Amino acid sequence: MITAFKASNLGLQGLAGRLHLVELPAAPTDEPGWILVEEGFTVAREHEVESLFAIGNGYAGSRASLAEGSALSAPATFAAGVFDSKPGSVPELAPIADWTRLSATINGHPLRLDRGYNLEHRRILDMRQGIFWREWRHRDEAGRITRLRALRLASLADRHLLLQCATITPENFSGSLFVDATLTGPVVQVTNSGTTIAMAVARRVMNATDRWTPSRELINGRQGLELRLGETYRLDRVVALHTSRDTGDPRDMARLHVERAIENVADLISEHRDAWLARWEASDLRIDGDPAAQRAVRFAIYHLLSAANPQDDRVSIGARSLSGTAYKGHVFWDTDIFMLPFFILTYPEAARALVMYRYHTLPAARAKAARLGYRGAFYAWESADSGEDVTPPFAVAPDGQVIRFLTGEQEQHISADVAYGVWNYWRATGDDRFLVDAGAEILIETARFWASRAKREEDDRYHIRGVIGPDEYHETIDDNAYTNCMAQWNLEVAAEIAKLVAHRWPESWQALSRGLGIVSEEPDQWLQVARDFYTGFDEQTGLFEQFRGYFGLEEIDLAAFALRTAPMDVLLGRERIQRSKIIKQPDVVMLVHLLWDRMPPEVRRANFEYYEPRCGHGSSLSPAIHALVAARLGDTALAERYFRQAAEIDLDDSRGNAAGGIHAGALGGLWQATVLGFAGLSLGGNKFEHRANLPPNWRSLSMRYQWRGQWHELTLPEGTEHGKAEDDS
Amino acid sequence: MNEPILVPLDGSKQALAALPVAKVLADIERTTLHILHVGEYEVPEEELRRRLALEAPMLNSFSVGSRVGMPAVEILQVAKEMKSRVIVMCKHSGSERARTLGRTAMKVLHDARCPIVLVPPERGARPWHLHHVLVPHDGTPSTSGALQPAAQLADRGCAELLVVHVADVKAGPTEVGSLTTPRYVDQPQHEWPAWSSEFVNRLGCICRLGQLRVRMFLAHGNTAEEILRVSETQSTDLIILAWRGIWEAPRAETLRDILRKAQCPTMIVRT
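Going down the list, the sequences are from chains A and B.
Residue numbering for the first sequence follows the numbering used here, starting at 1 and increasing by one per position.
Residue numbering for the second sequence follows the numbering used here, starting at 1 and increasing by one per position.
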């Protein structure tokens with residue numbers, strides 16, 4: 001079970017100030033709000049622990065597997081943007097050599113958790129310093145007690161470096177130690193797409209006299225040592241990782257890099273910690289009065305930061321980041337809609353890289369649209385390195401049926417979602433260079449897609465038929481309110497941006513319009529399509545019909561399934577769920593969230609009150625958005641309930657959901673629920689406003705955010721109910 | 001004797017349905033069969049063979065024994081004395097057709113220390129093989145009691161192990177270490193393969209799966225009906241169930257339904 005834990009219990013408190021060289025060159029953070037602790041060892045939970053305690057720096061990510069392995073260990077390290085595919089299957093993140101493996105035997109007896117007796121064993125995710133710690137006291141069958149301490153990190157100061165330090169102390173014996181620190185897997189590998197991944201490793205061992213055994217003496221990473229009672233020995237291992245994505249000769253680069261790094265391990269750790277502290281200075285969010293909420297939000301921020309790399313704008317963040325193999329590293333709307341706001345407001349450089357990824361993958365989106373007979377850009381529902389749609393078309397369901405998946409063809413709202421992210425980024429950062437060089441093109445090409453996709457029908461309205469909205473329980477539906485309204489928004493914004501760019505940067509506009517073949521009347525045509533779009537809105541009730549025919553579907557009372565352990569589509573079956581009003585995740589409510597400023601208050605409330613009881617929350621993205629909208633509507637109690645549910649998705653996982661990696665989109669949603677929901681920050685309009693609805697036990701919430709290049713401090717509650725940040729419009 | 005498989009026969013034609021199953025299990029387990037008749041007086045072996053309609057060619061290696069007394073009591077006593085690995089018997093005789101289990105089968109099931117395989121009499125004397133072993137698993141460690149013998153049997157018999165998990169509208173198990181259906185299925189094309197793999201991986205922690213072929217099935221609805229549905233659609237040869245030893249309602253509802261309706265033999269393992 002994951003708990004908060006005081007590092008002082010480890011006997012490491014204040015260690016940094018009095019470190020003997022042979023000790024670990026750092027100590028865990030000593031504040032419960034910054035650490036997660038897994039006590040003991042439950043083998044069945046290993047995959048979850050590996051995901052939750054994963055380390056990363058946006059360039060590389062490693063699961064927190066036990067160094068010596070276990071019956072269920074699944075160590076994996078990934079390099080962002082490096083995909084591989086086998087014939088007949090979609091690309092997936094290429095697993096690279098396991099650099100974390102480290103096993104030891106004492107007098108021939110392996111040191112393992114499943115052998116002997118574990119006197120103490122805990123693993124700590126130190127979110128503040130971006131370090132994974134391990135503390136272990138083990139007694140073997142012969143009564144020998146060994147203490148081990150270890151740290152592992154992916155350097156945030158130098159993203160190509162991965163580092164591991166481990167100490168071993170024989171507490172009641174002298175004996176022979178044999179260490180195997182070889183890497184599992186090839187240090188140089190070439191993917192089927194031709195990307196070379198090169199790792200170089202350097203190791204050294206220090207004994208009690210502070211003398212280092214240099215790496216060349218660790219032949220093939222294996223070494224024998226004679227341990228003396230009570231003395232501590234330390235192994236350092238540094239790995240440099242380069243790929244042909246970022247350098248012409250990754251092997252040489254890795255080799256040179258690691259040779260320098262091994263000489264300065266303490267500095268390397270220090271620089272890494274400083275980089276994390278600086279990152280937290282900008283991105284932290286402090287909640288006073290609710291330690292569980294504090295920890296959950298920090299956990300979300302930690303994993304979002306671990307996945308981001310402002311230095312590489314040709315990669316994005318997959319649904320499970322670099323923390324696991326699930327979802328194959330594929331990028332979904334999760335990034336643009338759920339994660340991006342965090343980066344826009346606290347790490348705009350990383351946000352820029354994410355929206356630029358969408359610019360670099362624009363050619364593939366154009367090709368997809370053209371292939372289906374449309375103009376403009378139809379983005380991939382699942383995207384990897386090139387931006388081609390890599391959605392698996394078929395999968396074997398657990399009931400043995402082979403199911404065809406239509407999301408790649410029908411979840412067309414992705415194009416508007418990408419546009420929404422681009423628009424949000426530009427509006428919050430004021431990054432005009434981005435808008436002119438890349439953003440405008442995305443907005444225009446996505447608008448063109450909608451203008452060609454929507455068809456004017458007999459009622460003189462534009463319709464989109466045969467899609468899937470965010471609620472994936474209902475497939476091949478007509479006039480999904482979310483899709484249509486977001487398309488409408490996309491068309492309007494593109495027209496507005498076209499006029500803005502033409503007015504403010506006429507030369508750039510000339511080049512852009514010439515390059516894209518934009519005729520002068522085209523923006524007006526977009527506006528006309530937007531004006532005549534069918535949205536399913538009923539003036540009488542104030543409700544959007546989620547899609548044509550939704551209101552006539554079967555009502556099923558979700559209260560009867562309140563104790564369920566499975567998603568509703570599993571319990572009812574695909575056919576029945578399609579005939580019912582039960583939805584998987586917010587669809588119209590999502591629209592309320594994203595287009596908040598375009599809806600009058602009574603419409604927001606009416607739609608939330610109608611759709612919220614019909615949502616089965618079959619997606620991890622669902623609870624956070626409900627928390628957000630409930631908070632903005634002033635229903636703090638309901639918002640808090642959904643917030644807890646969202647916080648538990650990874651942290652209290654007991655159903656194997658997190659085994660394949662953390663839910664990065666849900667974590668982004670949790671941050672949004674806190675900041676845009678409870679704190680009430682609004683990205684709408686040109687003003688940056690907030691209207692706080694904090695849960696009663698939250699004594700205060702404080703954070704920093706950046707709005708158009710300026711940092712702002714926000715502390716809630718303020719003296720007045722309504723606070724207003726600087727108006728930079 | 002090497003932990004033989006015990007096959008009680010009462011002389012009825014229905015009871016002979018146990019023999020083909022017992023024979024294959026004995027071959028897989030590389031052990032012998034011991035055929036037991038319990039009656040009111042001792043019967044010589046030749047007479048017993050004739051009375052039980054046993055034909056020598058159909059059995060490679062078996063011994064025959066006769067006891068006097070109450071059938072269930074004697075079956076249990078012989079099983080104990082011979083350290084029987086498993087008891088294979090018919091669910092009921094012809095006169096007990098309306099019952100889930102006959103009186104003798106019920107008593108043996110209740111008190112046997114070893115697993116018991118109950119064979120529907122409708123099988124008759126048709127040959128039996130073991131290609132697919134089905135084991136339902138509700139995600140709780142206690143259900144895992146059936147997993148180990150199921151995996152071992154499937155492994156030795158070169159059969160495929162089919163694991164069925166039935167999602168329920170009721171609250172999930174509270175037992176520590178339980179693994180149930182995922183609460184969230186964001187993208188089924190990714191989630192289901194990942195979940196199935198995780199489920200099987202966790203099963204692999206409970207028992208050694210090695211190179212065993214394992215397929216995972218997720219069903220929803222009435223537990224017994226779904227187990228039976230998967231069993232029939234996948235042409236299962238043997239269902240293996242864990243049982244805590246309480247027969248009375250509302251416990252053992254699934255077990256009772258499966259024993260009543262299963263068309264293939266069912267092995268019950270006490271946990």
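Hints were generated in silico from the structure; no laboratory data involved.
Treat the hints with caution; some may be incorrect.
So the derived list for chain B, only partly shown, Cβ under 8 angstroms to chain A, looks like this [unchecked claim]:
{"#": "1", "residue": "Gln-148"}
{"#": "2", "residue": "Gln-152"}
{"#": "3", "residue": "Arg-183"}
{"#": "4", "residue": "Ala-194"}
{"#": "5", "residue": "Glu-198"}
{"#": "6", "residue": "Cys-207"}
{"#": "7", "residue": "Gln-211"}
{"#": "8", "residue": "Arg-213"}
{"#": "9", "residue": "Phe-217"}
Small disclaimer: the values here were computed from a predicted structure and weren't measured.
All residues carry an ideal CB built from backbone N, CA and C; glycine is no exception.
Practice problem: Would you list, in rising numerical order, the hints stated earlier that this structure does not obey? | Solution: 1, 2, 6, 7 and 8
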